[in-house]
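Trainee: Sequence:
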Amino acid sequence: MTEPGLALYRMSLDDKNAFWGECAKLIDWYQPWEKVLDDSEAPFYHWFSQGQLNTCFNAVDRHVNRGAGEQVAIRYFSPVTQTEYAVTYAELQAQVSRLAGYIASLGLVKGDRVVIYMPMIPETVYAMLACARLGVIHSVVFGGFAANELATRINDAKPKLVLSASCGVEPSGVVPYKPLLDKALEQATHKVDHCLILQRSQYQAELLEARDADWQPAVCQAQAVDCVPVAATDPLYILYTSGTTGQPKGVVRDNGGHAVALAWSMKHVYDIDAGDTFWAASDVGWVVGHSYIVYAPLLVGATTVLYEGKPVGTPDPGIFWRTIEKYQVKSFFTAPTAIRAIKREDPNAEYAAKANLSCLKNVFLAGERCDPETLNWAASKLGKPVIDHWWQTETGWPVAANLMGIDPIPIKAGSPARAVPGYQVEVLDEFGEKVAAGKSGNVVIKLPLPPGTLTTLWQNNQRFADSYLSMYPGYYLTGDAGYMDDDGYLYIMSRIDDIINVAGHRLSTGRFEEVLCQHPAVAEAAVIGVDDKLKGQVPLGLVVLKNGVDISDEQLHKELVALVRQEIGPVAAFKLVSAVQKLPKTRSGKILRGTMRNIADNKSFTPPATIEDPQTLDIVRTALTRMGYADSLLQTHT
Numbered sequence: 001m002t003e004p005g006l007a008l009y010r011m012s013l014d015d016k017n018a019f020w021g022e023c024a025k026l027i028d029w030y031q032p033w034e035k036v037l038d039d040s041e042a043p044f045y046h047w048f049s050q051g052q053l054n055t056c057f058n059a060v061d062r063h064v065n066r067g068a069g070e071q072v073a074i075r076y077f078s079p080v081t082q083t084e085y086a087v088t089y090a091e092l093q094a095q096v097s098r099l100a101g102y103i104a105s106l107g108l109v110k111g112d113r114v115v116i117y118m119p120m121i122p123e124t125v126y127a128m129l130a131c132a133r134l135g136v137i138h139s140v141v142f143g144g145f146a147a148n149e150l151a152t153r154i155n156d157a158k159p160k161l162v163l164s165a166s167c168g169v170e171p172s173g174v175v176p177y178k179p180l181l182d183k184a185l186e187q188a189t190h191k192v193d194h195c196l197i198l199q200r201s202q203y204q205a206e207l208l209e210a211r212d213a214d215w216q217p218a219v220c221q222a223q224a225v226d227c228v229p230v231a232a233t234d235p236l237y238i239l240y241t242s243g244t245t246g247q248p249k250g251v252v253r254d255n256g257g258h259a260v261a262l263a264w265s266m267k268h269v270y271d272i273d274a275g276d277t278f279w280a281a282s283d284v285g286w287v288v289g290h291s292y293i294v295y296a297p298l299l300v301g302a303t304t305v306l307y308e309g310k311p312v313g314t315p316d317p318g319i320f321w322r323t324i325e326k327y328q329v330k331s332f333f334t335a336p337t338a339i340r341a342i343k344r345e346d347p348n349a350e351y352a353a354k355a356n357l358s359c360l361k362n363v364f365l366a367g368e369r370c371d372p373e374t375l376n377w378a379a380s381k382l383g384k385p386v387i388d389h390w391w392q393t394e395t396g397w398p399v400a401a402n403l404m405g406i407d408p409i410p411i412k413a414g415s416p417a418r419a420v421p422g423y424q425v426e427v428l429d430e431f432g433e434k435v436a437a438g439k440s441g442n443v444v445i446k447l448p449l450p451p452g453t454l455t456t457l458w459q460n461n462q463r464f465a466d467s468y469l470s471m472y473p474g475y476y477l478t479g480d481a482g483y484m485d486d487d488g489y490l491y492i493m494s495r496i497d498d499i500i501n502v503a504g505h506r507l508s509t510g511r512f513e514e515v516l517c518q519h520p521a522v523a524e525a526a527v528i529g530v531d532d533k534l535k536g537q538v539p540l541g542l543v544v545l546k547n548g549v550d551i552s553d554e555q556l557h558k559e560l561v562a563l564v565r566q567e568i569g570p571v572a573a574f575k576l577v578s579a580v581q582k583l584p585k586t587r588s589g590k591i592l593r594g595t596m597r598n599i600a601d602n603k604s605f606t607p608p609a610t611i612e613d614p615q616t617l618d619i620v621r622t623a624l625t626r627m628g629y630a631d632s633l634l635q636t637h638t
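If you read the sequence shown in our numbering, its first letter stands for residue 1, the second for the next number, and so on.
No lab work stands behind these hints, which were simulated from the structure alone. Quantities reported herein were computed from a predicted structural model and do not represent experimental measurements. Just so it is clear, CB atoms sit at the ideal spot from N, CA and C, and this is done for glycine as well. Heads up, some of the hints might be wrong.
[Claimed, not checked] Below, simulated DSS-like cross-link-like pairs (lysine-lysine); rule was C-alpha separation at most 25 Å, straight line:
hint	residue 1	residue 2
1	Lys384	Lys546
2	Lys267	Lys412
3	Lys603	Lys533
[What the hints assert, rightly or not] For each label pair, taking beta carbons as the anchor points, the in silico distance ranges come out as:
hint	residue 1	residue 2	range
4	Asn602	Ile496	20 to 26 Å
5	Lys354	Ala465	17 to 23 Å
6	Asp273	Ala379	38 to 44 Å
7	Ser470	His190	25 to 31 Å
8	Asp487	Glu430	21 to 27 Å
9	Asp485	Ser604	24 to 30 Å
10	Lys354	Asp193	50 to 56 Å
11	Lys191	Ala436	55 to 61 Å
12	Ser105	Ala42	40 to 46 Å
13	Lys354	Arg66	35 to 41 Å
14	Gln221	Asp193	36 to 42 Å
15	Lys558	Asp14	17 to 23 Å
16	Ala379	Gln204	34 to 40 Å
17	Ala42	Lys558	41 to 47 Å
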């Protein structure tokens, strides 16, 4: 018998118009489309051309209209500020329509841009939806981003309005946003006429008379407005990719394809229907927050959890499990790095054992490659299916995943399972030829990309083509390296840039990290390739140990080198490894391997604006110096 998922997959490739036309029935349209797939401007493809809809209407108003106004739309919980409350769909509609009314009163219309520079609070969700209500394009920038990084995004998006808050509240303390925003606006060559500032009790910002308005009174006095019909192909938002330096790279998401793909994914991938509770423990500054905190759960009439906090330290490594129990979360989505942080603090999962997790059906991991050790630990301790899945800022929704809503297939640790319907994923060598099963190569997606993926880069079609489409004509280059097994399961092993060439042997950093994490003392690992005069490159490993582990440096080194030799072989030439207190990461949990590689090789670098703790770079530098690398301690960051 044919697996339902396999049948759907074949249909999605063989008859794209019929498949996505059927999926589009999940969305309410003002005007039906003339073409499901418009390839007249290939490789710039358009989905549902001539169709009209409104994303905010589909995420909010239609649920109120069908009688679900009293259902909870958002459960907000901040263990940092000790605040929690629920927002119903009717309350969400009232807040969003008034905020949209205020934005419209400033003269903003469909196609104008708004930058949102806010923390993880419900008003941030209101801001995104209010823009969508008007057809105004939003660009969310992490609250607390450095002023110069914010300025570059303001210059690129050219907003007429910035929506912000007086501060964010992190476990480490209050972070005033307004001084950073003021500095960014001073630096920006594009001048912004209006700012709307939400005053939080933890820090009151000084408002400038000519430019700044106080959120609460301004919105209270505004008139509620209805949704504006927009073309399916009109942009919904711009999202700048993390780690951008110089000219920002703004991923453009459309309205129609985005709504259809996200609504389809909620049931088929995440097993979430109307009335269920879904929690993506991410940030609205990331694509996960856009797709699976805000838009997707609301598009299907589910309840979404908005969490302002960390997996550990707010106050302990049991906060995730207590939150799942309290809000009866059905599917939970987090990053592997969050699980590793919990594992390090609570290796025996004693906090998880104290929580009643009977409501929880699935745990989804994405954002950073999930090593088998982490996945197996979570699955054994939680007693739930733990599903690794893979996607990118550019794709906006999963490329490879286990379809838990319709057709779960066996989980293979280390693999995000098979390609999701709509994505024809292939693995090619440097000459563009398909590689055999089990052989590594560059992971690509055959064009056209399905609905919901990026349509271009903001005002830069050429850069879009150069960055993603030029290496393999007819394919989208993901930038990831990996392989497929005989069953069609995909394995993402590293970024293409993280393949190490050791004396002509191409080795994946992901495979090294997988092996290092098998050691019982290791909580997480990062491996980089460093320059070597004889072999070209050699692997260098940095590991973080589990709490309470007692092992000497010499013993750890000996055991890890032996483990890699046993699992990968002498060809790995693995001799450089050291323990560190923390690894440098972005706020989404991605390990900054490229930055570490530059430190090791004494090359200039710019710490990405998304780095969570800049002091980790000094920790890494000290460890690398001990190992004979990064010997120029006076090197300056560029």
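Trainee: Assuming the hint says 50 to 56 Å, is it satisfied by the Cβ distance from Lys354 to Asp193 or not?
Mentor: holds, 53 Å
Trainee: Does 21 to 27 Å hold as the CB distance between Asp487 and Glu430, or does it fail?
Mentor: holds, 25 Å
Trainee: Between Lys191 and Ala436, is the Cβ distance one that fits in 55 to 61 Å?
Mentor: Distance hint for Lys191, Ala436 holds at roughly 57 Å.
Trainee: Is the straight-line distance between the alpha-carbon of Lys603 and that of Lys533 25 Å or less?
Mentor: Holds, at about 16 Å.
Trainee: Mind checking the hinted window 17 to 23 Å against the Cβ distance between Lys354 and Ala465?
Mentor: Hint violated: Cβ distance 53 Å, outside 17 to 23 Å.
Trainee: Per the hint of 40 to 46 Å, is the separation of the Cβ atoms of Ser105 and Ala42 within bounds?
Mentor: holds, 41 Å
Trainee: Between Asp485 and Ser604, is the Cβ distance one that fits in 24 to 30 Å?
Mentor: violated, 40 Å
Trainee: Does the structure keep Lys267 and Lys412 at a Cα separation of 25 Å or less?
Mentor: holds, 22 Å
Trainee: So does Asn602 sit 20 to 26 Å from Ile496, Cβ to Cβ?
Mentor: Once the Cβ atoms are compared, 23 Å apart, the range 20 to 26 Å for Ile496 and Asn602 holds.
Trainee: Can the suggested window of 25 to 31 Å be confirmed for the beta-carbon pair Ser470 and His190?
Mentor: holds, 30 Å
Trainee: Starting from the hint 41 to 47 Å, judge whether the C-beta atoms of Ala42 and Lys558 obey it.
Mentor: violated, 56 Å
Trainee: Does the Cβ pair Lys558, Asp14 satisfy 17 to 23 Å?
Mentor: violated, 55 Å
In this structure, the hints that do not hold are numbers 5, 6, 9, 14, 15, 16 and 17, in rising order.
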